[in-house]
Amino acid sequence: MSIENKCLRLSELPDDGSLAATAHAKYPGQHCSFRAVAGTVPLIKNSYALLFGPAICLYNAKLSMNMRSLTSDPRPNNLLFVNYSQDDIIFGFQEKVRVAIFQADQEYHPEVLFLITSCLQEIVGEDFDACIDEIRPSVKAKLLTIHTENFTCEGAAPGVENMFKSLFELMKEQPQEERTANILGLWTSTARKTELVRLLSGKGVRIKNVIPSYCTPSELEEAPGVQLNIVLDQYGLPLARMMKEKFGTNYIYCRKPYHPDSIEEWYQNIASALNVDLPVEVADLKKKTEAQQEKARAALSGMTCAVFGTSGRPFDLAHLLANIGIEPRAMLLQTIQPEDRPDIQSLLNAGFDPIVFRGDNSLQNEELLAELSPDISVGAFERSSLARMGIRPIVLSTSNYLLGFDSTLEVLRLIMEKPPGLEALMFKEKILADGEC
Amino acid sequence: MKKIAIYGKGGIGKSTTAANLSAALAKQGRRVMQIGCDPKADSTCLLMNGKSVPTILDTLRTKATAVSLEDMVYPGFAGVLCAECGGPTPGVGCAGRGIIASFEKLEALKAYETYRPDIVLYDVLGDVVCGGFAMPLRRGYADEVYIVTSGEKMSLFAARNIAQAVGEFKGRGYAQLKGMILNARGIVDELEIVRRAAAEMDTKVVAEIPRDPTIQACEERNATVIEGAPDTSLAERYRMLARSIVG
Amino acid sequence: MDLKHNGFPVPSDYFGVLWALSGIKDLLILEHGSTGTCNYNAFNYMIMNRQSPKGKLFSSGMDEDDVVMGRDKKIKEAIVELDRKYHPEMIALVATGVTSVIGLDLQGIIEEIQPTINARMLSFPSGGFAGDYTIGIREVFGTLARDIAEDCTKKVRSNDAPSWTKPSTVNIIGPTIDSFNIISDLAELERMLGLMGIRVNTVFTCNTDVDAIKNMACASLNLVTRDIGLEAAAILKERFGTPYYYGLPFGVKGSIDWMKDIASILGISLDKGMVRAELEKYGFSILELVNFLQNIDHLRAAISCPFDYSSGLAAMMRDEWGINPSLIVLPASPIGPQRLNREANFGLGKDVRLLIEPDSWTLQDAISSMNPHIVFGNSYDLQISRNVPIRIHAAFPAFDHIYRYDGTPFVGLRGHAYLTQTIVNLLNQNPEVFRN
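Protein chains in written order, with the working numbering: chain A, 9 to 445; chain B, 693 to 939; chain C, 96 to 531.
To be clear, the hints were calculated from the coordinates, so they are not data collected in a lab. Please note that the accuracy of each hint is not assured.
Said to hold, decoys possible - Below, computed lysine-lysine pairings styled on BS3-like, alpha-carbon distance capped at 27 Å:
1. A:K14 x C:K180
2. C:K149 x A:K426
3. C:K180 x A:K438
4. B:K862 x C:K171
5. B:K802 x B:K743
6. A:K436 x C:K149
7. A:K14 x C:K171
8. C:K169 x A:K14
9. B:K802 x B:K755
10. A:K436 x C:K151
11. A:K14 x C:K151
Small disclaimer: the values here were computed from a predicted structure and weren't measured.
Could you build all of it, start to finish, from the sequences and the hints given here?
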């Protein structure tokens, strides 16, 4: 294999889980913090966001939001843009920042005005925060700054963590209310319809906030007064820690599971942390999911797959697939979290040792997939290039917004049912690949 | 056309040396252009009888109509063409980017083709602190670099840094280090100290400007030594430097 | 300050550079910036007909150390990797905003590394601070016309003269991957040229390769379809003597004039039978499609498109439909001689407004005060024209429209037919426009 020396077996993964870079020329590269934050802050109600950056960042942010507006999970149009020109870079941004903040405050009357900076702000090195502190007393809106410089990190994580941490400034000491919880790290308008919320409600637990999904600033102010913060991803973890330290709000860090046993354990941990019994529905849902698993096993056992990084616990997803007889041949991930270690061990214990590959250049990913030739690819988005290799693409986006057994049932459905148009796509791509009908 | 960059530690006398050098070259019949690359914009002050010229960056920012070379380049003593990049006030903005933007503008307006100077002198702030301050070193700008230094430790430290930067850019066809100009501060064995340092940097001392109150006396009258005290031995030193640089 | 709540931040020269380079097949783009910028771009190419820069655009993955220390190791390693692995004819180094601010000299890197690299290297250092996207496209066009196009004299004299030495060969200069409706429009231009026996040497730059650019001088004529291409055409004329003709054919008259002009320059005669057959098929008048109670001369129309589309559409509306557009909006100032001749281009009368690079509020006010029946514009223009009954998408950005199919031209005779048919269908769907 031409890229063999850049691949590791799961069993060879170093203790810290780090994956070595695989290419000097990267494509498309890891997510941009600025983009991730620009796509997220619109979820906070009664807010606007001022985005400060060069046209490169702003144009892309606007288009991303517009593309999102055409989907089943659109974001409110509350982004405002301040373009940094060369003059601003040379002579300083402060006056432009000041004018923009006053204008946004007076024209749009937001309760909260997010101020999102990009790489340029940090490279020039002006003290943005001090400038905002000066302005703060003169505007009605609460000003929350989010720094998103992307050149200091790999990936969007620090910027998104900063977004969560900025919300801390809205929070105030509250009396703790039993049987209440916040969920941190679920990003959708359907957050309150998830299985987790439904089951906890059944046990009398009220979900006060799903952060950052459609919370108001005053709801966030009261967020510390819950019994428990349920943290679903690493981005919300720093905020949970800050809330614990300042307000004593307890938290549980429990990323989204996929395997039915893991989901049951996940519910058990959450229930224990809330001092409630495990909802009785969990057993029924588990049984239903296992029944679906059996159907999937009957239909798909013996197949092979590649798994791309996805929301939650990727190795638990691989374990689920392995459990229904689909051998995971490769895991394509940018980063591995320390919390992945038990899932990795479970997968290895089950007798699977897939290749782990950090594809810094997506052409390398394709090279690897062409080499391994799995039957299906789970979690990738580029349908046509996979179809040309004869690999069935499984896009998991609809399961990403679900939790618990609902999510796993959706994954199983996506694997078993071919989406409309896929047959035709694969028919065409096969002819193009083979050169004959 | 010969393009020369003058670097050196802040406060070491770069601008005074550059202005005197320009004045000497102009008096020798050369057409000289001096471009100050310091946000303080005081490089050409002595050539303009103490007046500050509007900086290129301020002009670009404030002039509503199309900017022309006449808005940015001003004739000074002996016809020396004076321009100042300018830049932000300390603590804000990015001065390095300001130098890049100024140079790009001069190029876009074909400054060198229009004025056809025999000598262009870039007087560059302190040290090569970021990419913008290396702009004069790039191909198409300076051909030669001279470092102004005294025999003081910190000044030589800065000189070494600059020499190292020039060396690192060798492969790119950038300007080459041509020598050190000793602007003496009157420390013991100063010339010898600087000679040794120059040798370590694989270069030589091309001129020694002695510590001389004539410089301050002329500066008080907003003049270079070439203008204010042309018959002094100090003026002759600057003229020698000019001859040694143009060959 | 325009905070672009309902509009969009104008893409900078950086985007123009990427778009102008992306249509050159054997050229790879390496941008020096953090990977987030590249990742973002992968997304924004989607709004241009769901294109992808995969295999074309790469990032050096700049990090904090590169920024603070000004290191160039990563970009050099990336250049070597691209050269050895993909064997491109050319590698273009493109600055992002960060590269420009820290002042890294991309051309200096090329000077240093070029002897060890097989691909020819070019640098585009502006990094988004030189102006809008048109500046970036012009920068690429100018560089390619000046530095890459070669003198074909020797090749023409060789015994094995290749096909491009035929006298009736043209280059089309102007279309880039960001050009609106380019697939259909190019298909129509090439079809019309084909009817005249003219072959297209290359389309500069949305459908070309390095070799075709090198051989541009072998064409007999350069057809400039976009004002952005005029400088490149002038450079090619100066270097090789290749004449150029500027204009996009809109409407029946515009299309016939375009064909006649080109035929005249190339010294070929137009086949009258061909022209007649074309007009029979595609030359139908709007008067043949509306009935006697469907008056359209009172309709108010606004056009918000780049200069060449705006002027062409305005002429067609005026000359063929009898509708005088009352508002013309240009996203960027026109380039070249037409800048001085705005009234002649748009036939601007007393009641007609011409807005150039308006801010969102001005545009919104202009549309609402004019209250048009018809708007041609980009996705944002059409969003703010929600109450206008007939809204025709006619410019990028087009985040909500796709133009992959090659049968919906706006230009040429088929473009005339398509637009005339479309407008009549939309009028019929909104019959209230005949009444007020």
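Here's how the hints hold up against the structure:
Pair hint A:K14 plus C:K180 holds up; C-alpha atoms about 15 Å apart against a cutoff of 27 Å. Note on C:K149 and A:K426: the hinted pairing holds, with a Cα-Cα distance of about 26 Å set against a maximum of 27 Å. As the CA atoms of C:K180 and A:K438 are separated by approximately 26 Å, the hinted pair is consistent with the 27 Å bound. Proposed proximity of B:K862 and C:K171 is supported: the alpha carbons are some 16 Å apart, at most 27 Å.
Between B:K802 and B:K743 the alpha-carbon distance is near 25 Å, which keeps this suggested pair within the 27 Å criterion. For the hint linking A:K436 to C:K149, the alpha-carbon distance of about 20 Å falls within 27 Å, and the restraint holds. Distance hint between A:K14 and C:K171 is fulfilled; the C-alpha atoms sit about 20 Å from each other, no more than 27 Å. Note on C:K169 and A:K14: the hinted pairing holds, with a Cα-Cα distance of about 18 Å set against a maximum of 27 Å.
For the proposed pair B:K802 and B:K755, the alpha carbon gap of about 19 Å is at most 27 Å, so the pair holds. Distance check on the hinted pair: A:K436 and C:K151 sit about 23 Å apart at the alpha-carbon level, within 27 Å; holds. The straight-line distance between the Cα atoms of A:K14 and C:K151 is roughly 22 Å, inside the 27 Å bound, and the hint therefore holds.
Hint compliance for this structure: no hint is broken.
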